[in-house]
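Novice: Top line first, the protein sequences correspond to chains A and B.
So for the first sequence, the working numbering puts the first residue at 1; every next one is plus one.
So for the second sequence, the working numbering puts the first residue at 1; every next one is plus one.
Bear in mind the hints are in silico, worked out from the structure with no lab data behind them.
Computed from a prediction, not measured in an experiment: that's the story for all the values here.
There's no promise every hint is true.
[To be verified] For lysine-lysine, the following BS3-like pairs were computed, each having C-alpha atoms within a straight-line distance of at most 30 Å:
# : chain 1 : residue 1 : chain 2 : residue 2
1 : A       : Lys62     : B       : Lys207
2 : A       : Lys206    : B       : Lys221
3 : B       : Lys32     : A       : Lys81
4 : A       : Lys189    : B       : Lys182
5 : B       : Lys182    : A       : Lys206
6 : B       : Lys70     : A       : Lys422
Here is how the chains run, residue by residue.
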Amino acid sequence: MYPESMRNLIKIVEKSREERLKQPMMPSFSVEEKKNLLSKFHPDFKSEKMRQLLVGPNKEEKTPHEVADLIEAYSLVNPMKYKAGKPAYSVDVLVIGGGGAGVAAALMANEAGAQVLLSTKLRLGDANTTMAQGGIQAADRPEDSPVIHYLDVIGGGSFTNIPELVRALVMDGPEVIGWLEDLGMMFDKDAQGNMIEIHGGGTSIKRMHSARDYTGGEIMKTLRDEFLNRRIPYIEFSPAIELFTDGEKCTGALLYNLETSELIPVQAKCTILATGGSGRLHIQGFPTTNHYGATADGLVIGYRAGVPFLFMDTIQYHPTGAAYPEQILGQLVTEKVRGLGAHLVNIEGKRFVRELETRDAVSAAIIRECTERNKGVVTPSGQPAVWLDSPVIDLLNGEGTVKKQLPAMWRQYIRFGIDMAKEPILTYPTQHYQNGGLKIDEFGRTPLKGLYAAGEVSGGIHGRNRLMGNSLLDILVFGRRAGRKAAEEAKTLEFGELGLNHIKKFHKELKDAGIKQERYSPMILPDYRPEHLRQRTAPIIP
Amino acid sequence: MDETVTISIMGKKHKVPASLTIMRAMEYAGYKLLRGCGCRGGFCGACATVYRLPGDYKLKVALACQETVKDGMYITQIPAYPSIKQTYDITKLRPEAQTILYYYPTTYRCVSCNTCTKSCPQDIDVMGYVQAVLRGNITEAANLSFDCVMCGLCATRCPAEIPQFLVGILSRRLYGKYIAPKALHTRERIAEIKAGKYDQPLEKIMKMDTAALKKLYEERKIEK
Numbered sequence: 001m002y003p004e005s006m007r008n009l010i011k012i013v014e015k016s017r018e019e020r021l022k023q024p025m026m027p028s029f030s031v032e033e034k035k036n037l038l039s040k041f042h043p044d045f046k047s048e049k050m051r052q053l054l055v056g057p058n059k060e061e062k063t064p065h066e067v068a069d070l071i072e073a074y075s076l077v078n079p080m081k082y083k084a085g086k087p088a089y090s091v092d093v094l095v096i097g098g099g100g101a102g103v104a105a106a107l108m109a110n111e112a113g114a115q116v117l118l119s120t121k122l123r124l125g126d127a128n129t130t131m132a133q134g135g136i137q138a139a140d141r142p143e144d145s146p147v148i149h150y151l152d153v154i155g156g157g158s159f160t161n162i163p164e165l166v167r168a169l170v171m172d173g174p175e176v177i178g179w180l181e182d183l184g185m186m187f188d189k190d191a192q193g194n195m196i197e198i199h200g201g202g203t204s205i206k207r208m209h210s211a212r213d214y215t216g217g218e219i220m221k222t223l224r225d226e227f228l229n230r231r232i233p234y235i236e237f238s239p240a241i242e243l244f245t246d247g248e249k250c251t252g253a254l255l256y257n258l259e260t261s262e263l264i265p266v267q268a269k270c271t272i273l274a275t276g277g278s279g280r281l282h283i284q285g286f287p288t289t290n291h292y293g294a295t296a297d298g299l300v301i302g303y304r305a306g307v308p309f310l311f312m313d314t315i316q317y318h319p320t321g322a323a324y325p326e327q328i329l330g331q332l333v334t335e336k337v338r339g340l341g342a343h344l345v346n347i348e349g350k351r352f353v354r355e356l357e358t359r360d361a362v363s364a365a366i367i368r369e370c371t372e373r374n375k376g377v378v379t380p381s382g383q384p385a386v387w388l389d390s391p392v393i394d395l396l397n398g399e400g401t402v403k404k405q406l407p408a409m410w411r412q413y414i415r416f417g418i419d420m421a422k423e424p425i426l427t428y429p430t431q432h433y434q435n436g437g438l439k440i441d442e443f444g445r446t447p448l449k450g451l452y453a454a455g456e457v458s459g460g461i462h463g464r465n466r467l468m469g470n471s472l473l474d475i476l477v478f479g480r481r482a483g484r485k486a487a488e489e490a491k492t493l494e495f496g497e498l499g500l501n502h503i504k505k506f507h508k509e510l511k512d513a514g515i516k517q518e519r520y521s522p523m524i525l526p527d528y529r530p531e532h533l534r535q536r537t538a539p540i541i542p
Numbered sequence: 001m002d003e004t005v006t007i008s009i010m011g012k013k014h015k016v017p018a019s020l021t022i023m024r025a026m027e028y029a030g031y032k033l034l035r036g037c038g039c040r041g042g043f044c045g046a047c048a049t050v051y052r053l054p055g056d057y058k059l060k061v062a063l064a065c066q067e068t069v070k071d072g073m074y075i076t077q078i079p080a081y082p083s084i085k086q087t088y089d090i091t092k093l094r095p096e097a098q099t100i101l102y103y104y105p106t107t108y109r110c111v112s113c114n115t116c117t118k119s120c121p122q123d124i125d126v127m128g129y130v131q132a133v134l135r136g137n138i139t140e141a142a143n144l145s146f147d148c149v150m151c152g153l154c155a156t157r158c159p160a161e162i163p164q165f166l167v168g169i170l171s172r173r174l175y176g177k178y179i180a181p182k183a184l185h186t187r188e189r190i191a192e193i194k195a196g197k198y199d200q201p202l203e204k205i206m207k208m209d210t211a212a213l214k215k216l217y218e219e220r221k222i223e224k
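Generate the whole structure from the sequences, applying the supplied hints.
Specialist: Dropping the structure here:
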């Protein structure tokens with residue numbers, strides 16, 4: 001329920017609605033305009049929020065302090081003391097991560113005949129994949145083509161993307177959709193079976209496939225069901241806390257059972273990191289749309305094993321995180337809301353940006369509206385915000401569209417007494433996606449032999465900014481590719497020693513750089529207990 | 001401190017700010033969550049919670065990340081429940097209600113008590129889709145169960161021991177695979193890609209320098 005003060009502001013939005021509906025969409029920014037807007041208002045350009053790394057393959061490159069704090073930190077394992085001994089498991093392919101990328105990789109490796117083990121930090125399917133709402137891109141309409149998709153992706157990424165990775169993304173897209181359809185995923189279709197496709201920010205052609213606004217959830221539920229049907233072994237509540245190496249290749253990983261504190265050494269011919277992103281680092285103090293487990297673990301352990309990363313100085317802030325009510329602060333308001341026509345509106349009831357610009361640009365424009373232009377709304381808890389005029393959706397597409405096409409969104413707000421089909425909602429940018437990550441080639445191979453990475457943990461596909469709907473596509477394209485390739489490569493590799501010499505070396509580098517042994521990583525889970533309680537508690541991890 | 005309420009977490013009382021969700025309140029009370037916490041956004045079903053309010057005999061349900069605490073709330077979580085997920089090869093099934101009833105025969109025992117529907121934190125018509133299966137209407141079962149986050153609370157309360165959420169996913173997969181009409185345009189595009197139609201055009205655009213790409217990007221047509 002909105003308090004009285006905000007109800008009065010809503011009247012201004014309602015008053016301008018009719019007039020706004022007659023207006024055409026605002027023009028796109030030119031490449032130059034966008035560059036200027038970003039450099040002035042996008043959080044990535046605040047140099048005081050970044051620092052140069054002191055160690056590792058990306059030494060002297062900049063990354064946010066929150067990432068640097070995890071990189072410039074010591075292992076949870078003492079490499080001088082710990083001996084892996086006999087492995088608890090020896091498998092062809094170890095998949096670390098139980099989200100979309102990990103499960104897709106495991107399915108493909110299993111199909112290729114490899115013996116697979118999947119480990120995951122929380123439950124199977126607990127991942128950002130489940131939370132992705134709006135859709136998945138793929139160029140499968142007659143008027144579209146992988147070439148146009150390519151151009152949209154690379155323009156959205158400010159022309160910094162790795163071309164070979166983008167090619168893989170757009171060329172595998174339709175096949176991924178066909179694969180999901182064959183697995184029995186329910187897409188939004190018309191009566192003839194054609195996919196209903198709409199625009200996302202930065203698309204030139206409508207190619208956003210969806211499953212209401214539970215697209216990622218529907219993908220994850222389907223993949224998980226298939227994974228369980230194949231009876232592929234998996235271990236839950238056991239994140240990887242280090243990789244093993246034998247001097248020339250990755251030889252497996254050390255898992256940590258969060259419930260029993262047992263260390264589980266796993267030997268693998270090939271290892272696939274599919275650990276997801278880093279929203280829970282709360283970069284620059286932003287709230288996040290991300291899953292509880294999005295703490296950059298894979299990035300940290302991959303980097304320690306010598307894998308460089310790309311674009312780790314850029315983070316995606318989703319333009320529309322919930323700004324009110326406070327209970328859902330930072331949670332995702334899917335881009336599909338704008339895809340269906342909702343307007344972004346300032347305190348005066350005026351539109352101020354083309355709603356379907358790329359995310360970096362819309363976020364920067366919202367921040368500009370709330371800072372320099374001082375035309376934002378401030379919520380009772382002091383949170384700046386702009387209106388997302390969602391009632392426009394039913395006016396444009398017919399009564400009932402919000403409830404039918406955006407059931408998750410509608411439910412999220414009605415739980416707090418706000419009917420977004422009738423009342424506008426308040427939004428502000430929120431930390432959403434790790435644009436960069438570990439370096440991979442088009443088969444998901446990292447430069448370290450035997451180690452693969454797929455999904456948000458990897459970098460390069462999206463350059464400096466990802467488009468909506470390309471992450472669900474990315475995790476499946478590269479998860480599948482990594483799974484297949486790893487199964488194939490495993491046939492040519494022998495098991496190696498479960499060594500931690502790379503950790504010894506990394507620790508020495510930390511010491512030489514003058515970094516005290518105070519911070520440890522990976523983080524595994526964020527700690528949301530209040531400060532005074534945290535200080536009184538004994539650490540869970542020794 | 002803001003206004004506070006007293007809640008009891010698995011029988012133990014804690015004073016917490018009144019504005020918090022159940023999940024945040026547990027963390028405020030000092031719990032570092034492991035079980036019973038997942039996406040924190042209402043999509044994963046990890047934080048299935050049952051509670052009672054003072055003076056009310058009725059058991060209520062919630063996703064802990066989506067519900068604000070109330071004074072006197074007595075909370076217990078059910079992070080996992082021993083429902084038996086049957087395994088099947090989806091490519092070998094017939095899209096018939098019999099298939100679902102074969103794997104989940106307790107579905108026959110539905111007594112239409114509607115407790116499952118009342119136990120759903122997503123407000124899904126759970127009994128409605130179970131009954132749809134019994135009537136042989138997989139399409140309806142798939143559509144009605146679509147918003148399920150598979151938290152399993154329905155199954156915890158069912159006197160007939162039906163794992164409704166598993167009936168739901170099987171219904172949806174059968175519908176999606178066999179009953180919904182196929183997207184032929186997707187298949188055509190896959191064939192074109194396999195035949196190499198886009199290899200050369202992509203090669204060409206990949207080799208362009210940034211200036212040429214920028215020009216092409218700015219001039220690209222935007223579909224209305």
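Novice: Now, for every hint given, state plainly whether the structure supports it.
Specialist: Do the hints match the structure? See the list:
Pair hint Lys62(A) plus Lys207(B) holds up; C-alpha atoms about 29 Å apart against a cutoff of 30 Å. A distance of roughly 12 Å separates the Cα atoms of Lys206(A) and Lys221(B); the hinted pair therefore holds under the 30 Å criterion. Proposed proximity of Lys32(B) and Lys81(A) is supported: the alpha carbons are some 29 Å apart, at most 30 Å. Annotation: proposed proximity of Lys189(A) to Lys182(B) holds, straight-line Cα distance about 9 Å (limit 30 Å).
About 19 Å separates the Cα atoms of Lys182(B) and Lys206(A), which keeps this hinted pair within 30 Å; it holds. In summary, the hint linking Lys70(B) to Lys422(A) is supported, as the alpha carbons are separated by about 27 Å, within the 30 Å threshold.
Violated hints are absent here; each numbered hint is respected by the structure.
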